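Colleague: Okay, here's what each chain looks like letter by letter:
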Amino acid sequence: MSIALLIEQILNGLQLGVMLFLMAAGLTLIFGVMGLINLAHGSLYMVGAFACAAVAAATGSFWIGLVASLVAAAAAGAIMEVTVIRRLYDRDHLDQVLATFALILIFSEGTRWLFGSFPLYLDIPPLLQGAVPLPGGGQYQLYRLAIIGVGIVVAVGLYFLISRTRLGMRIRAGESDREMIAALGVDIRTLYTVVFALGAALAGLAGALVGALQSVQVGMGEPALILAFVVIVIGGIGSIKGALFGAILVGVVDTMGRFLLPKALALMIPAAQAGPIGAALASMLIYIVMALILAFRPSGLFAAQS
Amino acid sequence: MAEPVLEILELRKTFGALKATDGVSLTLMPGEIHALIGPNGAGKSTLIHQISGSIRPNSGTIRFLGQDMAGLDMAARARLGLGRSFQISSLVQEFSALRNVMLAVQARQGSSFRFFRPVMGDPTLTEPAMAMLERVGLAGRAHMPAAELSHGERRQLEIAIALALGSKAFLFDEPMAGMGPEGSKSLTKFLDGLRHEAPILLVEHDMDAVFALADRISVLVYGRVVATGTVDVIRNDPEVRRAYLGEAA
Amino acid sequence: MTNASLMTRETIVNVLLALLLLAIPLGASAMGEPFYITLATRIAVLALAAVGLNIALGLGGLVSFGHAAFFGLGGYAAGVLATHAFDGVPLFAGIPGTDSMPIIWLVTVVVCGLLALPIGAISLRTTGVYFIMITLAFAQMIYYFAISWPAYGGEDGLSIYVRSAFPGANAAQPLPFFLICYAVLMTALGLFWLLRGSRFGAALQAARQNATRLSAVGIAPFNIRLVAFAVSAMVTGVAGALFADLNKFVSPSMMSWHMSGELIVLIILGGKGRLFGPVAGAMLYVLFEFALGGITERWQFFLGLILLGVVLFARGGLLGLLAGKARHG
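Residue numbers (this note's numbering), protein chains in the order written: chain A, 845 to 1150; chain B, 4 to 252; chain C, 1238 to 1566.
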């Protein structure tokens, strides 16, 4: 095992982590402010990917597609919030799970109706094609590095948004005391729609970015959604810091587990068995990590005070 | 001298900078009603929560029947005989009054892992439960869902539940709150008789009831016991008058 | 309306639902339409799975988003045991497979119970959204294990060449197999009814409504919920074994989170916590699937709309409409 390969795997883990952070940040923000569990967040991810692929194909520009993905996901999120989601804030989690489960069915089948069952493909933009040399030999895809960069920018941006701006102040107030913020005269309905659309735009961005690495198809949001849930549960629901930490942890543990576990097992048992057992264990690894963390800290690592 | 049923030593609990319980020590002796009074926010309910096990103290000791309660959760303490009522009534809302008491009867019998025999029509549950409702004067409302009972009736039901547990000490958190004068009067009479069954630690704002019932009174202000004594001693304690009774008068 | 008349009304609705479910396949058999027998069997098996979940979710308020794991485990118990019986290869340590349904069910109950205890013990330390998510995560863990474990078909699943046997009945035929499933469903409903009215049921329902009150009378909610979770998993597991025998096929998709969602949907469509809620829900669901599926490939789009309507506007489910508000003693 060379150093370059190891670095490449770590970077892959980071890239997965960043993608998960974009998903998880919106989910955890929505839960923290509105107390809502949104299964349809993966559908917004899918909307972003489809919008980017369709617009990029029509205009020939990935960048216009990327803007379209943000707009489409934010708009879909805002419509979703106004028509359905705002009726769910006062309901229990069971109703929220069911209603947003219903939204998944509607979005998935609706997308199939519009785009058919065949996957779309999205090319990496020319600016980001190519590779960067790694220390110790080997190369790493520039586009994946760019995704990591986008994640860092978004994380820093969210930090400033929430700690330094008026919107952020309202979000923080909404997390701690809904009645108080209403009493301050903030239009809470608009605030909720804005927060929901912001979360949706982040999910759409993640979908568009990942769309260039894999095929764009119906159902692509669901694995990402479940991983994002693992992330926010590990990090503590409602905590952006927890989402960032959890996302990197899950990204790196998952990637390194798939890379290292079969190799490690091969040292102990015959290679023919080590491969499948290692792969089986690796695919369960993040869930095992999550169960262990929750067994000791039932509200996650950075649980918001409530 | 008799051993105290309940003994609290140097109990401390802070929430951030707030000292909710600041070195409280007190005892509950057999056969007595020990009233705990103090202004709002003095930490009375927090103290009850720590004794019953729903809040964990930072330090200090709680002994019940000579046994250290540290490490025992609320259910375990209740099984040992610590019966409580809640400041805000806490009942199984969809269950009838009778079924709320039956739950306590089955808990006392230690028989919650019976899966098949129906509870309704099981005289080993219904009869003791009905008897307790009769004692508190709720028999006529036995089949009413707890959610539909009046405020005072819900208080009575909580006491019936504590009775059904066969408690060896009662922690009652403002049982008179929200009751009319008639209700307070009959409950006062009822509690007066109850002390011979098991001693009562009583948190109460109704001073008539407190002065009528209490063998001893402890005054809690900002998480500290500023005075403990008989009704006469407390009535005439200058610090109590200034800190508490003065406000009320 | 008085309580007594409500009780009779719900009982009448329940009896009618039970008779209707029995009448469909008997009629279909008389008219030589085996397809409808299979449809009714599907209803019975899905209803059974939901009856299991209803113990945890309806009575105990435990929103398990991972019950598909137990459904799938039951399916794999049936598939794996039948495959070993068919091939004549021992399972391990010389223990043979079996194609006897009662033994398969017994194995399922033991396996699901043994797995549900540790999963429940960890999950029940959490509440609310965390509970929903951790049960989902455990199910995903088992799902991915099934996908990546190649011995029993991995992602492709496992075919059962011959449906397992039931003593005294020709289970290979649609109607006898339906009757077996129907009998198991009725037994499970009887179990649910007894459980709900028992001391354990009283404690479980109290744990849902007011866990603090339950603790204050000296009953630890954790223990009650844990046992309910395990019993719930066992019943759902048996449904999984029957589902595998119905389709003569088992695959990881039985354990997918979609399946977990569908099981919850069945309960909500029918009426949460109601004795026959899962039966009504499964009937509606299979009806939608069949009727809408016949009109459009995109039937799940309309299922989504209907489900959304039920959650937002008709919270009592079908039984809420037919039999009024739930009654509590």
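Simulated from the structure, these hints should not be mistaken for lab results. Computed from a predicted structure; not experimentally measured. We put the CB at the ideal spot given by N, CA and C, even for glycine. It is possible that part of the hints are untrue.
So, partial list: chain B residues that the calculated Cβ filter (under 10 angstroms) puts toward chain C [claimed, not checked]:
#, residue
1, Arg-59
2, Ala-73
3, Ala-79
4, Gln-96
5, Met-105
6, Gln-109
7, Ala-110
8, Gln-112
9, Phe-116
10, Arg-120
11, Pro-126
12, Leu-128
13, Glu-130
14, Ala-134
15, Ile-164
16, Val-236
Colleague: Each of the hints needs a verdict: does it hold here or not?
Modeller: Structure-based check of all given hints:
no.: 1; hint: Arg-59; in the structure: violated, 14 angstroms
no.: 2; hint: Ala-73; in the structure: violated, 17 angstroms
no.: 3; hint: Ala-79; in the structure: holds, 8 angstroms
no.: 4; hint: Gln-96; in the structure: holds, 6 angstroms
no.: 5; hint: Met-105; in the structure: holds, 7 angstroms
no.: 6; hint: Gln-109; in the structure: holds, 5 angstroms
no.: 7; hint: Ala-110; in the structure: holds, 4 angstroms
no.: 8; hint: Gln-112; in the structure: holds, 9 angstroms
no.: 9; hint: Phe-116; in the structure: holds, 6 angstroms
no.: 10; hint: Arg-120; in the structure: holds, 6 angstroms
no.: 11; hint: Pro-126; in the structure: violated, 14 angstroms
no.: 12; hint: Leu-128; in the structure: holds, 8 angstroms
no.: 13; hint: Glu-130; in the structure: violated, 15 angstroms
no.: 14; hint: Ala-134; in the structure: violated, 17 angstroms
no.: 15; hint: Ile-164; in the structure: holds, 6 angstroms
no.: 16; hint: Val-236; in the structure: violated, 33 angstroms
Hints 1, 2, 11, 13, 14 and 16, counting from the list given before, are not met by this structure.
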